Amino acid sequence: MSEEPILSVRGLKVSFRTDQGMVHAVDDISFDLDAREILCIVGESGSGKTLTILTILGLISDPNAVIEGSVRFRGRELIGLPARQLRRVRGREIAMIFQDPMTALTPVFTIGWQIAEQVREHTTLSRRAARALAVELIEAVGIPNPKGVVDRYPHELSGGMRQRAVIAMALSCNPALLLADEPTTALDVTVQAQILDLIRKLRADFGSSVILITHNMGVVAEMADRVMVMYAGRIVERGQRDSVFARPWHPYTWGLLGSIPPLEGERPHRLISIPGLPPSLLHVPAGCAFAPRCRWSRAACAERPVLAGSGGHDSACVLDPTQRRAARAAALGVLPGVA
Amino acid sequence: MISTIIRRLAHMILVMFGISMIVFLIFFATPGADPAARIAGRNASPETLEQVRASFGLDQPLPVQYGLMMHRLFVTRSLTSFVNRGMAVVPAVMEAAPVTLSLVFGAAILWVAGGIAIGITAAACRNTLIDRLLMILGLIGVSMPVFWLGEVMNLITQSRLHDTWLFAWVPALGYKSLSAQPWEWFKTMVIPWITLAVMYAGLYGRVLRANLVEAGQEDFIRTARAKGLSETRILLRHALRTSLISFVTMFGLDFGALVGGGALLTEVVFGLQGVGKLTYDALQSLDLPMIMATVIYASFFVVVSNAVVDILYAFIDPRVRGTGA
Amino acid sequence: MTGGLPLLEAIDLVKHYRVGNNLLRRLNKTVYAVDDVSFAVWPGETLGLVGESGCGKSTLGRCLVRLYPVTSGQIRFDGTDIATLRPAQLRPYRLRMQMVFQDPAASLNPRRRIGEILAEPLLVHKRCNRSEAAERVGELLHLVGLLPDSADRFPHEFSGGQRQRVGIARALALQPQLVVADEPVSALDVSVQAQIVNLFLELQERLGLTYVFIAHDLSVVRQVSTRTAVMYLGSVVEIGPTDAVLRRPAHPYTQALISAVPVPDPTRATQRARIILTGDVPSPIDPPPGCCFHPRCRYATDRCRSERPVLTPYGDGTQVACHHPLDG
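Protein chains in written order, with this note's numbering: chain A, 1 to 339; chain B, 340 to 664; chain C, 665 to 992.
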């Protein structure tokens with residue numbers, strides 16, 4: 001693809017000043033996102049995945065936050081952009097949806113009013129036209145009875161319907177990029193399937209790129225074009241979805257995949273679990289952040305490994321391909337889908 | 340909806356009668372409160388006391404006395420004071436009511452406007468010098484006792500600086516009727532309004548600021564920001580609406596209490612013959628009929644304010660409306 | 665499961681709530697949280713209760729340990745019906761059945777040290793005196809994989825997974841026979857989930873525990889349960905040996921539920937025949953007539969709309985409540 005990536009992040013660092021020192025919540029992240037692509041960022045609590053995308057829209061309001069690095073969207077640098085210009089990007093070129101649909105909408109205004117508010121902020125549509133657009137959008141996201149729902153309040157809708165309304169609002173100005181922070185984690189699994197389907201369909205219809213944050217590898221397998229695994233604020237592995245699932249390179253990724261109880265096939269006697277806990281961000285080890293919990297750590301891990309690889313598949317690990325294959329087999333046995 | 344209204348009315352009547360009964364019983368349990376002695380005056384002979392008791396019906400059993408008093412209060416409205424013979428209680432309260440109402444309504448407008456202005460400005464300039472300054476001013480306002488402030492205001496406007504152009508317009512203490520002399524009424528009330536409002540404006544400003552800052556942490560504010568809305572719009576539309584709920588609750592309670600006679604100190608300091616002053620005088624002289632009348636009047640307003648506040652909730656917060664599902 | 669008396673049996677269990685505070689009580693609505701549920705759990709096995717929000721599984725779990733009073737029905741624990749026992753009579757049974765809750769942060773008193781939290785049940789039920797309690801607490805901590813010095817620390821000093829271990833230790837303090845676990849791993853990160861799931865399995869083996877394991881995550885339920893019951897809108901729609909239920913689901917809802925679970929395998933993800941249910945998970949205030957699932961069921965017939973199906977045996981040890989169960 002000779003097309004320019006729509007989003008280009010280089011050397012992103014987000015740190016917080018605390019009483020006990022600097023906390024490096026996001027530590028030197030770089031990645032690209034192409035047009036119409038779905039990138040899934042996977043990680044557990046404390047991995048820095050949410051902060052990464054909050055930085056893109058400048059939504060970190062903590063006065064103790066220190067943000068460094070570059071985030072270029074369509075060639076324009078977003079970090080340090082003056083507030084007025086940033087506001088024009090938010091909601092219009094880049095939209096964001098959050099995890100908990102129950103609290104995402106203002107409780108005192110109707111759904112239609114809130115969608116129309118966004119539309120009128122960024123376009124010159126009249127009140128009537130904005131409301132009509134709101135009805136269309138509500139219908140497009142599959143909410144039944146759109147003309148009725150447009151005058152309903154958020155508390156009158158279920159969680160799944162609210163999340164659809166949030167998606168409708170986010171897409172109201174046809175953004176080129178949609179940021180979704182665990183949009184289905186708080187929803188029932190059948191509703192989750194509907195919402196993920198919706199996001200895929202909207203990507204096809206509207207042509208937006210999507211960054212989807214999740215901790216669920218199953219969601220990644222269904223949705224991602226590309227995957228990025230984060231741990232302790234760093235990228236530990238990234239690549240095309242099929243490549244990462246078929247031949248995962250990083251021991252943390254193996255741990256994540258093995259932790260999932262399989263729904264089909266043999267039931268393991270015990271689940272593969274990663275021993276220990278993620279490091280406190282105040283005391284991240286000097287070298288590889290994962291080394292203390294890694295079965296295969298060695299002397300070389302005392303130095304922070306470089307994110308490197310081939311064919312679009314990178315990982316931050318010192319194991320060479322032969323060592324890696326042996327270790328992976330030991331870690332996972334035969335993983336369905338692994339060649 | 341109808342059942343709610345009926346329920347509220349029933350509550351209101353229950354509350355009012357409950358309070359009246361309690362006041363009635365307390366009165367007779369208060370030591371040194373033999374009303375006959377009070378009416379007859381000091382050094383009255385036992386025969387006089389007996390005569391007084393008979394003529395005022397004070398020798399009847401308590402429930403009968405209570406019943407009679409209620410009858411005279413509500414039905415015939417002819418209840419007379421124990422202290423000022425022949426003075427009908429109900430008309431006295433009715434005459435004092437407009438004074439209190441003028442005072443409290445005017446002050447309320449000032450303190451709501453002031454409180455909202457202070458709260459919004461402080462929240463918008465959170466953690467800056469302006470914010471801290473406003474909060475300190477608010478604290479000072481809350482801390483100044485209203486009678487002290489009132490006296491100081493009087494000192495300045497009535498005596499020390501009365502002859503200067505600043506305060507020459509301030510009329511002498513005492514209420515002027517609104518219907519008779521509207522301009523005089525206004526000039527009379529301005530200083531009392533400000534005095535009463537200062538404390539409440541400070542309090543409400545501080546509370547509103549705290550609520551706004553708290554609301555700012557909510558998820559829906561983050562969504563609003565991600566939509567590209569300006570900070571001003573987020574504060575005034577999204578955060579303010581949701582923060583008004585506790586503001587309205589407090590207002591309902593304070594307003595009800597003040598109208599019912601809680602503005603007593605202000606009334607005394609500025610020589611306004613309102614319900615508060617009436618109640619105060621009645622308590623001093625243990626004038627039971629007057630006390631009853633003012634208490635019932637006060638409880639009526641408190642209950643009505645609460646009901647109005649609840650109705651206002653339904654307007655401000657749609658989650659409260661309807662039966663929900 | 666091979667004969668013998670079930671340790672726990674629910675018979676025609678019903679739990680209704682009234683909501684609303686209308687003056688005319690008749691106008692108040694009823695939440696049919698648990699609507700005529702029957703099942704049995706044999707000693708040493710794990711019954712998984714799975715379903716989505718509003719299906720009543722959490723309410724059912726709490727009713728089983730008598731945290732909520734039941735509206736009607738029987739709860740037979742080791743042969744005795746405990747549903748209507750008074751508190752004093754219930755006390756000895758409380759020792760034998762315990763509960764582990766979902767939110768490790770909310771279920772531990774933040775002002776108490778771990779040691780106090782764990783010692784409390786022992787002291788309240790007079791299992792040991794204060795000096796012995798400390799030793800027992802040490803044993804419990806070791807059992808769940810925590811360091812002995814944890815006893816002197818407060819809950820906020822621990823991670824979510826560690827707090828859940830404390831919750832489990834507390835449930836085990838009185839050496840119960842039955843543990844009802846209400847979504848014990850839902851609030852945890854996936855790698856920590858694996859640790860806690862493993863812990864549950866190990867403890868079951870070591871202590872001979874019987875579990876009722878409530879979860880919305882089918883994969884987790886499959887890992888832990890010998891038998892699985894699928895709940896929808898207050899009723900059990902299918903129940904049977906886990907593998908039979910998950911490999912050959914008989915009820916259309918079970919089938920849809922299984923197909924909705926995202927599987928971490930891209931090749932399978934694209935191949936699967938996905939059944940996407942329309943509409944939302946319904947509210948238990950207004951359950952539809954007939955079969956509770958018929959509004960969202962692609963196979964619904966007139967019979968489904970009017971007649972409520974009961975659990976009937978289907979083969980392979982499963983029972984299903986459906987007029988037209990799916991062929992294997």
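Note that these hints are calculated values from the structure, not bench results. Being a predicted model, the structure only gives us computed values, none of them experimental. Warning: the hint list may mix true and false statements.
A short, non-exhaustive set of chain A residues, derived as facing chain B with CB atoms under 8 Å [what the hints assert, rightly or not]:
(1) Leu57
(2) Gly91
(3) Pro107
(4) Arg120
(5) Thr123
(6) Thr124
(7) Ser126
Pairwise CB distance ranges, derived in the manner of DEER restraints [as the list claims (entries may be wrong)]:
(8) Ala300(A) - Asp816(C): 30 to 40 Å
(9) Arg755(C) - Asp558(B): 18 to 28 Å
(10) Glu570(B) - Arg800(C): 36 to 46 Å
(11) Ile949(C) - Tyr619(B): 47 to 57 Å
(12) Tyr963(C) - Arg128(A): 36 to 46 Å
(13) Arg120(A) - Ala596(B): 42 to 52 Å
(14) Val659(B) - Ala286(A): 21 to 31 Å
(15) Ile341(B) - Val974(C): 35 to 45 Å
(16) Pro82(A) - Arg580(B): 52 to 62 Å
(17) Arg120(A) - Arg932(C): 37 to 47 Å
(18) Asp767(C) - Arg128(A): 38 to 48 Å
Idealized CB from N, CA, C, for every residue including glycine.
Verification of the supplied hints:
1. With a least beta-carbon distance of about 6 Å to chain B, the hint placing Leu57(A) at the interface is held under the 8 Å criterion.
2. The interface hint given for Gly91(A) is met, as the beta carbon of that residue sits about 3 Å from the closest beta carbon of chain B, less than 8 Å.
3. Evaluation of the Pro107(A) hint against chain B yields a held restraint, the C-beta minimum of about 6 Å falling below 8 Å.
4. Annotation: Arg120(A) was flagged as interfacial toward chain B, and the flag is violated, the nearest CB pair being 10 Å apart, outside 8 Å.
5. The beta carbon of Thr123(A) comes no nearer than 11 Å to any beta carbon in chain B, farther than 8 Å, and the hint placing it at the interface is violated.
6. About 15 Å separates the beta-carbon of Thr124(A) from the nearest beta-carbon of chain B, more than 8 Å, and the hint is not met.
7. Restraint check, Ser126(A) versus chain B: the minimum CB separation of about 18 Å is more than 8 Å; hint violated.
8. Remark: the range hint 30 to 40 Å for Ala300(A) to Asp816(C) is upheld by a beta-carbon distance near 39 Å.
9. At roughly 44 Å, the beta carbons of Arg755(C) and Asp558(B) sit outside the given window of 18 to 28 Å.
10. The hint said 36 to 46 Å for the Cβ distance between Glu570(B) and Arg800(C), and at roughly 57 Å that hint is violated.
11. Checked against the hint of 47 to 57 Å, the pair Ile949(C) and Tyr619(B) passes, with Cβ atoms roughly 54 Å apart.
12. The beta-carbon spacing between Tyr963(C) and Arg128(A), approximately 44 Å, falls within the hinted interval of 36 to 46 Å.
13. The supplied range of 42 to 52 Å is met by Arg120(A) and Ala596(B), whose beta-carbon atoms lie about 43 Å from each other.
14. At roughly 55 Å, the beta carbons of Val659(B) and Ala286(A) sit outside the given window of 21 to 31 Å.
15. One distance hint, 35 to 45 Å for the beta-carbon pair Ile341(B) and Val974(C), holds here, with the actual separation near 43 Å.
16. Separated by about 28 Å at the C-beta atoms, Pro82(A) and Arg580(B) break the suggested range of 52 to 62 Å.
17. Separation of Arg120(A) from Arg932(C) is about 45 Å and conforms to the stated range, judged on CB atoms against 37 to 47 Å.
18. For Asp767(C) and Arg128(A), the Cβ-Cβ distance of about 46 Å falls inside the hinted range of 38 to 48 Å, so the restraint holds.
The earlier numbered hints that this structure contradicts are 4, 5, 6, 7, 9, 10, 14, 16.
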